[in-house]
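Protein chains: 2
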Amino acid sequence: MKFNVKITISLKGGMLDPEARAIQHALSNLGFETESLSTARLFEIALEAADEQEANAKAAEMCERLLANPVIHSYTIEVAGQ
Amino acid sequence: MKFNVKITISLKGGMLDPEARAIQHALSNLGFETESLSTARLFEIALEAADEQEANAKAAEMCERLLANPVIHSYTIEVAGQ
Numbered sequence: 242m243k244f245n246v247k248i249t250i251s252l253k254g255g256m257l258d259p260e261a262r263a264i265q266h267a268l269s270n271l272g273f274e275t276e277s278l279s280t281a282r283l284f285e286i287a288l289e290a291a292d293e294q295e296a297n298a299k300a301a302e303m304c305e306r307l308l309a310n311p312v313i314h315s316y317t318i319e320v321a322g323q
Numbered sequence: 242m243k244f245n246v247k248i249t250i251s252l253k254g255g256m257l258d259p260e261a262r263a264i265q266h267a268l269s270n271l272g273f274e275t276e277s278l279s280t281a282r283l284f285e286i287a288l289e290a291a292d293e294q295e296a297n298a299k300a301a302e303m304c305e306r307l308l309a310n311p312v313i314h315s316y317t318i319e320v321a322g323q
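These protein sequence lines map, in sequence, to chains A and B. The first sequence runs 242 to 323 under our numbering. The second sequence runs 242 to 323 under our numbering.
Hint data in this document are derived by calculation from the structure and do not stem from the laboratory. Since the model is a prediction, treat every value here as computed from it, not as a measurement. Check before you lean on any hint, since a few could be wrong.
[What the hints assert, rightly or not] Simulated pairs of lysine-lysine, DSSO-like, Cα-Cα distance not exceeding 27 Å:
no.: 1; chain 1: A; residue 1: K253; chain 2: B; residue 2: K243
no.: 2; chain 1: A; residue 1: K247; chain 2: B; residue 2: K247
no.: 3; chain 1: B; residue 1: K247; chain 2: A; residue 2: K253
no.: 4; chain 1: B; residue 1: K253; chain 2: A; residue 2: K243
no.: 5; chain 1: B; residue 1: K253; chain 2: A; residue 2: K247
[Unchecked claim] Where chain A lies over chain B, by a calculated footprint (3+ residues, C-beta under 8 Å):
no.: 6; stretch: 257-271
no.: 7; stretch: 292-306
no.: 8; stretch: 309-322
[Unchecked claim] Here are some of the chain B residues that sit facing chain A, going by a computed Cβ distance under 7 Å:
no.: 9; residue: L252
no.: 10; residue: I286
no.: 11; residue: A287
Quick reminder that beta carbons are idealized off the backbone N, C-alpha and C, glycines included.
Start from the sequences and build out the full structure, keeping to the hints where you can.
Below is the structure:
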């Protein structure tokens with residue numbers, strides 16, 4: 242069965258995010274004041290799995306082995322059937 | 242009033258995404274077969290606005306002027322009150 246998996250990878254709380262600070266600064270220069278700004282990466286993956294649990298497990302392993310750096314990143318996984 | 246705005250910026254349909262292809266290839270080398278993979282950037286912004294509509298309009302202007310390249314990117318905006 243085919244599943245669509247949405248993986249969001251963001252920096253762990255407390256990690257410095259210089260890119261976010263730079264964007265916030267640039268927005269401020271354009272006249273947009275923001276209270277906070279954080280960035281994350283989103284991966285949408287279509288994959289074959291027997292059930293939702295297996296799709297979730299595969300996605301978690303992809304995160305651990307390639308997509309995320311477990312030292313500095315946290316990730317969330319959403320699985321939707323298709 | 243403070244609003245939390247979630248902006249997702251992705252490549253327009255039909256645009257080549259070499260990064261996604263490289264990740265798909267790397268996943269395949271690790272034994273993870275995927276049918277498709279696409280990447281996007283996520284910005285979570287807390288900002289002051291009079292109402293939801295104004296928060297949405299501000300976020301759209303941020304996208305047009307800084308966050309997205311309207312030629313190659315499409316964006317979606319989700320506004321949540323706080």
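Hint check:
1. A:K253 <-> B:K243: holds (23 Å)
2. A:K247 <-> B:K247: holds (15 Å)
3. B:K247 <-> A:K253: OK: K247 of chain B and K253 of chain A at ~18 Å, within 27 Å.
4. B:K253 <-> A:K243: Distance ~23 Å between K253 of chain B and K243 of chain A Cα, so the pair holds.
5. B:K253 <-> A:K247: holds (18 Å)
6. 257-271: holds (count 4)
7. 292-306: Check passed, 4 qualifying residues.
8. 309-322: violated (count 0)
9. L252: violated (11 Å)
10. I286: Hint on I286 of chain B: holds, closest Cβ of chain A at ~5 Å, below 7 Å.
11. A287: holds (4 Å)
In this structure, the hints that do not hold are numbers 8 and 9, in rising order.
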